[in-house]
Amino acid sequence: MRALKLSLALGLLTMAACARQATTTPDPRVGLKAGLMDAGEAVSNLKILANVPPPERFVGSTNSDLAFTGNYAIQGNYNGFQVWDITNPGRPVLKTSYFCPASQSDVSVYKNLLFVSGEGTSGRLDCGAQGVRDTVSAERLRGLRIFDISDIANPKYIANVQTCRGSHTHTVVEDPKDRENIYVYISGSAGVRSPRELPGCSALTPDQDPNSSLFRIEVIRVPLATPTNAAIASSPRFFNNLVAPPRHGDAPEDIAARKKAVADAKASGGFVVIVDGTEQIARQQTTRQLLDSIVVARGGTGAATATDSAALRASIQSIMDARAAAQPRRTGPRPGPTQCHDITVYPAIGLAGGACAGYGFLLDISDVTNPRRIAEVADSNFAFWHSATFNNDGTKILFSDEWGGGGSPKCRVTDKKEWGADAIFTIEGRKMNFQSYYKLPAPQTSLENCVAHNGSLIPIPGRDVMAQAWYQGGISVFDWTDPKHPQEIAFFDRGPVDSTRQGSGGTWSAYWYNGAVFSSEIARGLDVVELTPSEFVTQNEIDAAKTVHQDYFNAQGQPKFVWPPSFSLARAYADQLERSKCLGKDRLASVRQGLASAETSSGAQRREGLLRLAADLQNDARGSCDAPKIGKLATTARELAGIQP
Amino acid sequence: MTASHLVAVVASLTLGAGVTACSRATRVTPPAPAPQTSRVVHGDPGGIAKAKADSARLPYTAADVHFMSGMIGHHAQAIVMARWAPTHGASASVQRLAERIINAQEDEIVIMQQWLADRLQPVPEANPAGMKMNVGGVEHVHLMPGMLTEAQMKQLDQARGEEFDRLFLTFMIQHHRGAVEMVNDLFGSYGAGQDETVFKFASDVNVDQSTEIARMEIMVQALKP
Chain W
98 MRALKLSLAL GLLTMAACAR QATTTPDPRV GLKAGLMDAG EAVSNLKILA NVPPPERFVG
158 STNSDLAFTG NYAIQGNYNG FQVWDITNPG RPVLKTSYFC PASQSDVSVY KNLLFVSGEG
218 TSGRLDCGAQ GVRDTVSAER LRGLRIFDIS DIANPKYIAN VQTCRGSHTH TVVEDPKDRE
278 NIYVYISGSA GVRSPRELPG CSALTPDQDP NSSLFRIEVI RVPLATPTNA AIASSPRFFN
338 NLVAPPRHGD APEDIAARKK AVADAKASGG FVVIVDGTEQ IARQQTTRQL LDSIVVARGG
398 TGAATATDSA ALRASIQSIM DARAAAQPRR TGPRPGPTQC HDITVYPAIG LAGGACAGYG
458 FLLDISDVTN PRRIAEVADS NFAFWHSATF NNDGTKILFS DEWGGGGSPK CRVTDKKEWG
518 ADAIFTIEGR KMNFQSYYKL PAPQTSLENC VAHNGSLIPI PGRDVMAQAW YQGGISVFDW
578 TDPKHPQEIA FFDRGPVDST RQGSGGTWSA YWYNGAVFSS EIARGLDVVE LTPSEFVTQN
638 EIDAAKTVHQ DYFNAQGQPK FVWPPSFSLA RAYADQLERS KCLGKDRLAS VRQGLASAET
698 SSGAQRREGL LRLAADLQND ARGSCDAPKI GKLATTAREL AGIQP
Chain U
34 MTASHLVAVV ASLTLGAGVT ACSRATRVTP PAPAPQTSRV VHGDPGGIAK AKADSARLPY
94 TAADVHFMSG MIGHHAQAIV MARWAPTHGA SASVQRLAER IINAQEDEIV IMQQWLADRL
154 QPVPEANPAG MKMNVGGVEH VHLMPGMLTE AQMKQLDQAR GEEFDRLFLT FMIQHHRGAV
214 EMVNDLFGSY GAGQDETVFK FASDVNVDQS TEIARMEIMV QALKP
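So the sequences go chain by chain: W and U.
In terms of this note's numbering, the first sequence is numbered consecutively and its last residue is 742.
In terms of this note's numbering, the second sequence is numbered consecutively and its last residue is 258.
In isolation and in its complexed conformation, chain W is listed as follows:
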């Protein structure tokens, strides 16, 4: 019991440390009372609209991902899925639930179809709860379940597509060139099935078997007219030749530290060589050996002279390059991920973000059945690349690291800020450049599983804001408009589900859908929260976000937000110009006055008022520190002028 006692002692220490933290940096999330349905709560800049517990058959079973269609939220659960009527987000009503156990039951929708992932070895074709004990069995389902939800109150289980590694997660992809089919990318890294259970499956490496089930994803084609004919269309491999070095994305302080070390070495006569495109200091042992051989080569003895050093300085780079080239080829299984955990497609820009074990990928999906890798990043601070989110402009991408698989408490005061966090990259010329990490800023106890997990953008115009689930760390809403300085703007957290041990709970996914953030609570049901105005976000910005309407939403298929012209949108831009101080006080007052009188007037008076406002703004843009935003405000005024009230 030594180890257990030790870990308990560590746990107590962690909690003591949290308490200390609370006195120096008071965060209401520290020290919350534990409890499954009566835990202490801390909320900031959010209003809790609803919490509904799961239906009886799903109590005690893990709630997983969410998808949305019309007025419904579909919530996956390891026992099946639940359909909530969210017409009134303050009062979700259970429409139906479907009992069909599978882990992890991640869900997506497309028109009348619902897709559900099955990965675990206990999943059954007949939806039974008894599991599958045989290692090879005709009763097992690992792959994609397809339901017809034309009548959402009565989902019909119409088809399966079995895959070699099952489906941990999946991504619905629309092909703009193909309106007759919908495509589904299957991700997951569980073990490969026996070929006796599913013909063609192979756990050998591609060197041993070109048909290896490793190092590939599956693309399923679902004919919309005959979804029962869904089948695997292709198994693209985009993991080849990964050479990204296992060092962490260059934070400014790392680059500075490395440059300083190299500069110091150069100043003191050290030898510097370029390895993998980066200047490094050559090891003393190596340079000593090389100098000795130069001395021997000229027939001399004793210590190397200044001439010898100069000779080495001139040739060390080519010597090191030759040495590197002569290194024996690696043997054994090749490195690199054998699968992706999750792929987020952004069809509007033709790109996808692949979160694939040790790497983050940028994929070109213009040929939907043949996605191609165009860039990759690796980071020694990242354990497991879990999911990706683009900003709305497609100029940035955020990857999350689900360090510890979601079952471990990675948000303790002792856990590093850059571990189990998000990494933010800018996308420039089809390359990803590291900017910063974002991690839940409030420490959690060692009883709470906590790490970066699923989230989605909140359509606040002109800003990159997202809600994200952190398991028992709760929901964190943060702004990453400035990719180097992401900042939390709202949160909702509960105490641990259990005060005596590490229980499983917390929020799996937190997604914005038509005005509110819906959170799938693993143990506690469905939570609904909405943003409230604060120093970080104004009522106008929230109102503008609410003008964006989606007919359906899967977080792994990112839609491009487009804001219809509205007075809220114009006022949101004005508020942002006030925040950035890029429009003078007097002009702001005048713009707001102009918008208010236009809103209450009509006909030619309104039209002319708005056009005059737009013209004045055009002048303001010159010399402003944020001309593009003033331009957006002017455009909105012009568009409003064209709309009959």
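Source of the hints: derived by calculation from the structure; they are not laboratory data.
These numbers come from a predicted model, not from an experiment.
Think of the CB as a built atom: it goes at the ideal place given N, C-alpha and C, for glycine as much as any other residue.
Do not take every clue at face value.
To list a few chain U residues with every Cβ distance to chain W over 12 Å, as calculated [to be verified]:
| hint | residue |
| --- | --- |
| 1 | Val171 |
| 2 | Ala192 |
| 3 | Asn217 |
Partial pick of chain U residues on the chain W-facing surface, computed with a CB cut under 8 Å [stated by the list, open to error]:
| hint | residue |
| --- | --- |
| 4 | Leu91 |
| 5 | Thr120 |
| 6 | Arg133 |
| 7 | Phe232 |
| 8 | Ser243 |
If we take Cβ atoms under 7 Å as the criterion, some of the chain W residues that face chain U in the derived model are [unchecked claim]:
| hint | residue |
| --- | --- |
| 9 | Gly217 |
| 10 | Thr218 |
| 11 | Ser219 |
| 12 | Gly228 |
| 13 | Thr232 |
| 14 | Ala235 |
| 15 | Lys357 |
| 16 | Gly455 |
| 17 | Gly501 |
| 18 | Gly502 |
| 19 | Ser505 |
We have chain W; now place chain U onto it with these hints.
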């Protein structure tokens, strides 16, 4: 948790090929107290959740227990190896990797111990020398796949600087490959991996350690000749 919550349980368990493990008395923690009947009423999701979570569990097998027990010692050895990094002159990147291994595997030991305790199974100590087994009345320590022998541990402990980096990475790759082998053995056993926690935990070990193997292979290659 207080001492009064610890109970001694005498358990004997048949593991795999007629091997009986840990037949001596072992202190284990009992599962969380069952909710009182009066609390399990309609509208008390907390009570129902606990009761349901217990009853809905798919049966676990000896292979599941063997995996969860054996991996504790396996992890313990990795932690000992990793703790040497700062004192044995490891490079910054190896130290960072070692720090991650310690953090990850300490947390995972808690998961395994909790899973075993919840099922009233003997909870092995985190013994870096391997898993204690009782074969024919004689207790001996069994090395799980990939674990370093005493000689290898000694070799690593004596290495310093670049030599430590090279040995650490080489041995940790061997160690991690053994963990992946244990996962494959588990899923190749009848009835194993049906339990939700075991499936998730074993799958995570597989993917996390495979990812780390790939990373370490690149690090070994990057070591200067």
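Outcome of the hint check:
1. Listed as outside the interface, Val171 of chain U is consistent with that label: its C-beta sits roughly 23 Å from the nearest C-beta of chain W, beyond the 12 Å cut-off.
2. For Ala192 of chain U, the shortest C-beta to C-beta distance to chain W comes to about 15 Å, beyond the 12 Å cut-off, and the non-interface label holds.
3. With a cut of 12 Å on Cβ distances, Asn217 of chain U falls inside the contact zone with chain W, its closest approach being about 7 Å.
4. Residue-level restraint check for Leu91 of chain U holds (minimum Cβ-Cβ distance to chain W is 4 Å; threshold 8 Å).
5. Residue-level restraint check for Thr120 of chain U is violated (minimum Cβ-Cβ distance to chain W is 20 Å; threshold 8 Å).
6. For Arg133 of chain U, the interface hint holds, the least distance from its beta-carbon to any beta-carbon of chain W being 7 Å, beneath 8 Å.
7. The beta carbon of Phe232 of chain U is positioned within 8 Å of a beta carbon in chain W (closest approach about 5 Å), and the interface hint is therefore held.
8. Using the Cβ-Cβ criterion of 8 Å, the hint placing Ser243 of chain U at the interface with chain W is satisfied: the shortest such distance is roughly 7 Å.
9. The beta carbon of Gly217 of chain W is positioned within 7 Å of a beta carbon in chain U (closest approach about 5 Å), and the interface hint is therefore held.
10. The interface hint given for Thr218 of chain W is met, as the beta carbon of that residue sits about 5 Å from the closest beta carbon of chain U, less than 7 Å.
11. Annotation: Ser219 of chain W was flagged as interfacial toward chain U, and the flag holds, the nearest CB pair being 4 Å apart, inside 7 Å.
12. Taking 7 Å as the C-beta cut-off, the interface hint given for Gly228 of chain W holds, the closest approach to chain U being about 4 Å.
13. Interface restraint check: Thr232 of chain W against chain U, minimum CB-CB distance 6 Å, threshold 7 Å, status holds.
14. Given the 7 Å rule on beta carbons, the hint for Ala235 of chain W is violated: about 16 Å separates it from the nearest Cβ of chain U.
15. Evaluation of the Lys357 of chain W hint against chain U yields a violated restraint, the C-beta minimum of about 14 Å exceeding 7 Å.
16. Among the interface hints, the one on Gly455 of chain W holds; its C-beta lies about 4 Å from the nearest C-beta in chain U, closer than the 7 Å criterion.
17. A cut of 7 Å between beta carbons decides the hint on Gly501 of chain W: the least distance to chain U is about 6 Å, and the hint holds.
18. Taking 7 Å as the C-beta contact cut-off toward chain U, the hint placing Gly502 of chain W at the interface holds, the least distance being around 4 Å.
19. Interface hint at Ser505 of chain W: satisfied, since its Cβ lies 4 Å from the closest Cβ of chain U, which is below the 7 Å cut-off.
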